[in-house]
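S.K.: Please model the entire structure based on the sequences and the hints provided.
Line by line, the protein sequences give chains A, B and C.
Okay, so the first sequence: first residue is 9 according to this note's numbering, each after it adds one.
Okay, so the second sequence: first residue is 31 according to this note's numbering, each after it adds one.
Okay, so the third sequence: first residue is 210 according to this note's numbering, each after it adds one.
No wet-lab data here; the hints were simulated from the structure.
The C-beta atom is built at its ideal place from N, Cα and C for all residues, glycine as well.
Heads up, some of the hints might be wrong.
What the hints assert, rightly or not - One side of the interface only, derived from the structure: several residues of chain B facing chain C at Cβ under 7 Å:
hint	residue
1	L129
2	R179
3	A183
4	G190
5	G191
6	G306
7	R307
8	V310
9	L311
10	G313
To be verified - Label pairs and their calculated CB-CB ranges:
hint	chain 1	residue 1	chain 2	residue 2	range
11	C	E335	B	R289	19 to 29 Å
12	C	D279	A	R122	50 to 60 Å
13	A	L33	B	T132	32 to 42 Å
14	B	P316	C	D289	25 to 35 Å
15	B	R86	A	L72	52 to 62 Å
16	A	A27	B	A47	26 to 36 Å
17	A	L126	C	R270	25 to 35 Å
Unchecked claim - Some chain C residues close to chain A (C-beta under 7 Å, calculated; not the full set):
hint	residue
18	K288
19	A291
20	A296
21	W303
22	L305
Residues per chain, in single letters:
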Amino acid sequence: MNRTARVKRSRRLDPLSLAGLGCLLLLVLVALGSLVHAGGDPDAIVGPRLRPPGPGWWLGTDNLGRSMLPRVMEGVGTTLLLSSAAVLVTAALSAGFGILAGYRGGYLNELIMRVVELLYSFPAIVLAILVAAVAGPGQLAAVASIVLVTIPLMTRLVRAAAVAVAERDYVTAAAISGAGLPRILGRHVLPNVAGTIAVQGTYALSVGISVEGGLSFLGFGVQPPQASLGVLIRQGGTYMMAAPWLIIGPGVVLVLAILSINVLGDGLRDRFEPRETRSLI
Amino acid sequence: MSALLEVDGLEVDYGTARALDGADLRVAAGEAVGVVGESGSGKSTLGAAIGRLLPRQAVVAAGTVRVAGEPVLDLPPAALRRLRRQRLGFVFQDPIASLDPTMRVGAQLRLVLRAHGRDGRESPGGRDGGRGGADVAFHLARVKLDDPRVAAAYPHQLSGGMAQRVAIALAMAASPELLVADEPTASLDSQVREEVLNVVFALARQAGTSIVWLSHDLPAVARRCDRVAVMYAGRVVESGPAADVLGDPVHPYTAALARSAPAVAVPGVRLEPVPGRPPVLTGPSPGCAFAPRCPFAEDRCATERPEPVRVGAKDVLCHRAAELEVIA
Amino acid sequence: MILDLTDVTVSFTTGPPLRRTRLDAMRGVSLSVAEGETLGLVGESGSGKTTTSRVALGLQRPTSGTVRFDGRPFPRRRKDLAGRMQAVLQHPHWSLNPRMRIGQSVGEPLAVLGKAAGELVPEALEQVGLEAGFAGRYPHELSGGQRQRVSIARALITRPSFIVFDEAVSALDVSVQVQILNLLKDLQAEYGFAALFISHDLGAVRYVADRIAVMRGGEVVETADAATFYSAPEHPYSRQLLESL
Ligand SMILES: Nc1ncnc2c1ncn2[C@@H]1O[C@H](COP(=O)(O)OP(=O)(O)OP(=O)(O)O)[C@@H](O)[C@H]1O
Ligand SMILES: Nc1ncnc2c1ncn2[C@@H]1O[C@H](COP(=O)(O)OP(=O)(O)OP(=O)(O)O)[C@@H](O)[C@H]1O
Ligand SMILES: [Mg+2]
Ligand SMILES: [Mg+2]
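M.R.: Below, the structure is given as structure tokens:
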């Protein structure tokens with residue numbers, strides 16, 4: 009009799025995180041669809057203004073008579089693109105700084121950690137507005153704010169992971185062999201903190217989406233006519249009483265995106281960083 | 031005596047590699063059994079299977095494990111946790127990896143003590159801090175760690191042997207019915223080792239704890255345990271009363287194991303290892319796994335799987351057990 | 210002398226804030242290892258053997274005292290010592306990078322020196338009694354003793370002039386242990402490395418060591434020739450140790 013299923017703990021993600029992953033992939037698909045105008049031209053005027061959902065405009069029309077469906081699709085794309093670009097930047101920077109601080113320690117560690125703490129002490133949205141004020145509103149401001157908001161936590165966690173890895177005997181053995189810093193960091197430390205980076209990257213993505221939403225909502229982020237979830241919610245807010253569908257569509261998508269990413273992050277965390285890893289071997 | 035632990039025909043695969051190839055082990059209540067075998071023979075895998083603590087790549091291909099009659103491999107998660115908590119205690123092969131690096135030793139010990147009130151039942155409420163502190167010191171002193179510094183130290187601040195003793199103290203503090211100890215004294219010097227083993231075995235005797243002691247050191251195990259099981263390539267090739275297995279080995283592998291040890295070497299004389307190398311199994315061994323290294327092997331040894339043969343008080347897994355008994 | 214420790218003291222502070230205690234893991238330790246010589250270091254658990262090896266490897270800066278490797282203090286850049294020293298560290302569980310295959314781990318010291326591994330890796334595995342097939346495995350797919358042997362293979366592969374063995378054979382059964390100890394003796398006869406051999410197993414130490422140092426409570430209480438030590442130990446603690454052999 010084969011008892012694989014029961015004795016073996018699952019290597020894969022649990023159903024909930026799989027659902028999160030599925031939802032996220034669906035959103036990516038939607039975003040890709042908007043590139044080929046799968047839901048229609050987001051800038052074309054298709055009917056009367058402020059119409060509730062109906063044939064021809066499945067999510068209603070906005071104050072100019074544009075169909076909301078392609079606009080939400082485009083918004084998802086913009087938001088996902090901006091936040092993932094920002095998260096990639098964050099991941100690269102945090103990995104670099106966190107690993108360096110964690111492995112080298114000393115004044116370099118102090119310096120990096122003080123800067124990180126300073127950033128950490130600013131409320132996220134204040135920081136974002138500050139960036140927008142300096143860089144001028146737009147996509148760049150959105151990306152930069154997301155990076156600044158997500159970098160402190162990620163750097164701290166990567167550093168903590170790197171500190172633990174740096175004490176491991178295989179790192180010591182490599183150092184005794186005379187391995188240089190690039191080899192030690194690249195071959196030994198980075199691969200062993202990669203799990204942390206992946207997990208935190210997922211969480212950062214959800215933070216990024218909400219920061220983009222907030223910033224564009226306040227008018228400091230993506231600028232119309234380009235659609236992003238934040239922009240759409242801002243525009244919908246104006247007609248909240250008369251045409252609630254304008255805010256419901258993008259709002260639901262935003263919540264869905266953040267939720268599914270967080271669920272996925274939890275699953276990845278359990279998978280990569282189980283608290284209790286014990287085996288006799 | 032009723033058996034507290036029964037392992038029957040256990041086969042465990044790691045992907046394509048076979049670690050256990052039909053292992054049998056029986057431990058009575060209150061009995062101490064030493065499991066010896068060379069590096070890679072499957073001792074740790076056997077120990078892990080007792081608590082269903084196998085890593086996730088492991089596949090149990092066949093066999094059963096029963097602890098106090100409960101089928102460990104088929105228990106639902108809640109029952110499994112209860113079984114582990116109430117009956118089983120583990121000392122892992124690499125102690126420092128089994129300690130929580132972020133918690134002081136004293137705190138870890140207190141956690142265990144709190145989960146297992148004195149009388150062995152659970153009392154999650156916990157006890158007052160003062161007595162907890164005294165208890166911690168008491169449990170550490172039992173494994174010869176009487177320096178108060180130890181309770182306040184993090185695991186990485188301990189020496190290898192100290193960490194090993196902390197792991198023993200943690201396992202003993204839970205007063206298990208069955209203690210599975212994987213090389214618990216590998217990094218202890220002889221003096222401390224004897225003292226710690228004295229304590230562990232004395233406590234076990236008092237409390238009626240059974241011990242499964244996994245080790246590579248046959249003489250050391252035979253000195254302490256009631257019975258010894260010798261493993262080779264995932265099977266128990268010889269088991270029986272400790273004195274018989276060490277003093278009067280029947281299986282050729284046991285005999286080779288009992289012979290040479292650096293400790294008995296005459297200075298200047300070169301020691302010879304058992305010739306050959308243990309096999310790396312990828313499936314059931316077709317015959318006797320020791321045959322390629324065995325000076326007594328005959329044709330059928332390579333093709334027929336040996337079944338246990340009763341020789342005196344021992345069970346021996348060898349086609350020629352009866353003849354070899356005469357030679358020995 | 211390849212290694213010279215003179216009057217080395219290492220102190221650690223431990224314990225929760227406000228109740229810090231100071232501990233001398235090494236106190237006034239003087240030791241030396243000559244080229245091609247094996248110094249056996251024995252002593253009870255917690256006596257400072259591992260700390261001594263860390264000082265010898267330049268991983269732990271002494272609180273006071275001096276360390277000289279090959280007649281010079283440790284260079285600021287470890288790279289300058291590349292290929293000169295190796296170590297088998299005490300915890301087999303943590304000694305191998307879980308994300309690297311065994312073959313890569315064993316070949317790493319060669320890669321550091323910019324040398325091609327070629328046939329050396331399977332050969333090194335073979336020497337410690339592991340099939341060449343182990344090169345493709347990951348560390349978690351090995352037993353404790355197999356991991357320990359992989360560390361030994363890695364330490365020997367560049368033929369360094371100084372090697373530390375910290376309880377390197379403690380998890381090995383007699384047969385494999387004998388095989389490894391013989392390997393060390395053969396390699397030493399062949400190209401003469403110096404070694405610091407830490408073990409609580411006096412039998413194994415006697416088999417490989419030329420000289421023996423005994424530590425207790427952070428101090429070296431006796432240093433003697435192996436032969437002298439085993440026949441006529443001077444310090445009462447040494448005698449006590451030998452009684453249990
Ligand atoms: N996760 C794994 N994947 C593949 N093979 C494994 C895995 N774990 C263990 N093995 C193999 O299974 C065999 C038995 O391993 P086990 O750890 O039980 O040996 P052991 O008797 O405890 O040895 P040691 O005395 O060296 O600790 C070994 O040959 C080992 O290489
Ligand atoms: N990083 C550290 N911080 C605080 N104390 C430490 C640290 N490392 C070691 N010690 C202490 O120094 C003493 C000597 O430790 P060391 O590891 O050198 O002992 P050892 O002789 O190798 O013992 P073993 O045989 O048990 O491995 C111990 O009391 C230990 O607790
Ligand atoms: Mg093992
Ligand atoms: Mg040590």
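S.K.: Hints the structure violates: just list their numbers, smallest first.
M.R.: 1, 6, 9, 10, 12 and 14
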